[in-house]
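Participant: The chain contents come next:
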Amino acid sequence: DIQMTQSPSSLSASVGDRVTITCRASQTIRTSLNWYQQKPGKPPKLLMYAASSLESGVPSRFSGSGSGTDFTLTINSLQPDDFATYYCQHNYITPYTFGQGTNLDI
Amino acid sequence: EVQLVQSGAEMKKPGESLRISCKASGYSFSDHWISWVRQLPGKGLEWMGRIDPSDSYSHNSPSFQGHVSISVDKSITTAFLQWSSLKASDTGMYFCALGTYDSGRLGFWGQGTQVTVS
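Protein chains in written order, with the numbering used here: chain A, 21 to 126; chain B, 49 to 166.
One should not assume that every hint holds.
Said to hold, decoys possible - Below are the DMTMM-like pairs computed for lysine to aspartate or glutamate, each with C-alpha atoms no more than 20 Å apart in a straight line: (1) A/Lys65 / B/Glu49; (2) B/Lys135 / B/Glu64; (3) A/Lys62 / B/Glu94; (4) B/Lys91 / A/Glu75; (5) A/Lys59 / B/Glu94; (6) A/Lys59 / A/Glu75; (7) A/Lys62 / A/Asp102; (8) A/Lys65 / B/Glu94; (9) B/Lys71 / B/Asp121; (10) A/Lys62 / B/Glu58; (11) A/Lys65 / B/Asp150; (12) B/Lys61 / B/Glu49; (13) A/Lys62 / B/Glu49; (14) A/Lys59 / A/Asp101.
Just so you know, the hints here were simulated from the structure itself, not pulled from any lab data.
Isolated chain B (complex conformation) (with noise of 0.2 Å):
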């Protein structure tokens, strides 16, 4: 069975580093690209970014390009979301997403993270 298991929820203040996790199994890691997808207070979905575990190789949307990174560690089957400096603006959820056909498609979703910057 496909998981995605996130971590937990995060409190921080701007300007701090933080980096959040993806735990993936049930599958074969390096054959799937991982998305990213954030969804602010109340409002809808935005497609962050996504990886290849195989090369390590990401790409982000130009709307967080700088500002987040994308990586993962193939030993232990896990994404990761990383930000340098946290802003209040960056307050939401986020959620990893698998690729299942294509890195598009996004079959398999983790269950979010909610990150409060304040």
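So here's chain A without its partners, still in its complex pose (with noise of 0.2 Å):
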């Protein structure tokens, strides 16, 4: 299995800030990552696929980068609606594996 780790485990930031979240890859998985945001008692949501491609509806605040083993999310200008948690996922071949997630708190 490829497995993916996530850097921080946690993060405390400000409203206003800009954070970025790391995610690496036991392999390559060319851009086969995606990126969910999860709050306390709901399920994740989609943010970017294709390590770099922000899924509709979500705020242009959010970006994402990398190919090969390192991808990395952006968050810029920090809302409150932002603190949650964050995971990286790939999708290059099965078993699709998670980060263990980012906590960012304020």
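Each chain sits in its own coordinate frame; assemble them with the hints.
Facilitator: Pasting the structure below:
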């Protein structure tokens, strides 16, 4: 299985900050990398797909980059609604594993 | 509007069987894979497996192989996740999710089904 490692595991920031979350795959996954946001008691929400494509309806302050094994999710000008847990997930081959998550709090 | 509506919370005893459901609507059911994702209490997301509703071909993650089975009933546009013998360690939240462009891009999610085994 391909292992996905996110860093940091937790992150504290303030409204208006710019934050970056990284995700590393144990082998190349080209650009087959998705990012999700999850809030307590809710299902995950797809933010980014194919490493750098913004899902419809997601604010443009979210951006993604990377290819191969190293990827980043950047959130510019944090808003109160952005405080949540973020997961990367590869869809290169099955099983589609997730990273362990990054908890972003105020 | 695409919707995935899951069955309600379940409380079971170890060794019992269980089937939970995911009712899909708002799109052509046979055209998109459905995945199941587990979230243990306070933990992260784990991809369990997927099914192609057009032919019922399913594929489980090795971590779940032999312990759960995934099926669909096209006549009622519903996917199922089934256990034949539950363990206490199966306690958690289970989500179904729709692969929108490919089977792994999970663009729509059900609300989750809480399974408690005790």
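Participant: If a hint holds in the structure, say so; if it does not, say that too.
Facilitator: Results for each hint:
no.: 1; hint: A/Lys65 / B/Glu49; in the structure: holds (16 Å)
no.: 2; hint: B/Lys135 / B/Glu64; in the structure: holds (8 Å)
no.: 3; hint: A/Lys62 / B/Glu94; in the structure: holds (15 Å)
no.: 4; hint: B/Lys91 / A/Glu75; in the structure: violated (25 Å)
no.: 5; hint: A/Lys59 / B/Glu94; in the structure: holds (16 Å)
no.: 6; hint: A/Lys59 / A/Glu75; in the structure: holds (17 Å)
no.: 7; hint: A/Lys62 / A/Asp102; in the structure: holds (14 Å)
no.: 8; hint: A/Lys65 / B/Glu94; in the structure: holds (15 Å)
no.: 9; hint: B/Lys71 / B/Asp121; in the structure: holds (10 Å)
no.: 10; hint: A/Lys62 / B/Glu58; in the structure: holds (18 Å)
no.: 11; hint: A/Lys65 / B/Asp150; in the structure: holds (16 Å)
no.: 12; hint: B/Lys61 / B/Glu49; in the structure: violated (37 Å)
no.: 13; hint: A/Lys62 / B/Glu49; in the structure: holds (19 Å)
no.: 14; hint: A/Lys59 / A/Asp101; in the structure: holds (9 Å)
When held up to the earlier numbered hints, the structure conflicts with 4 and 12 and fits the remainder.
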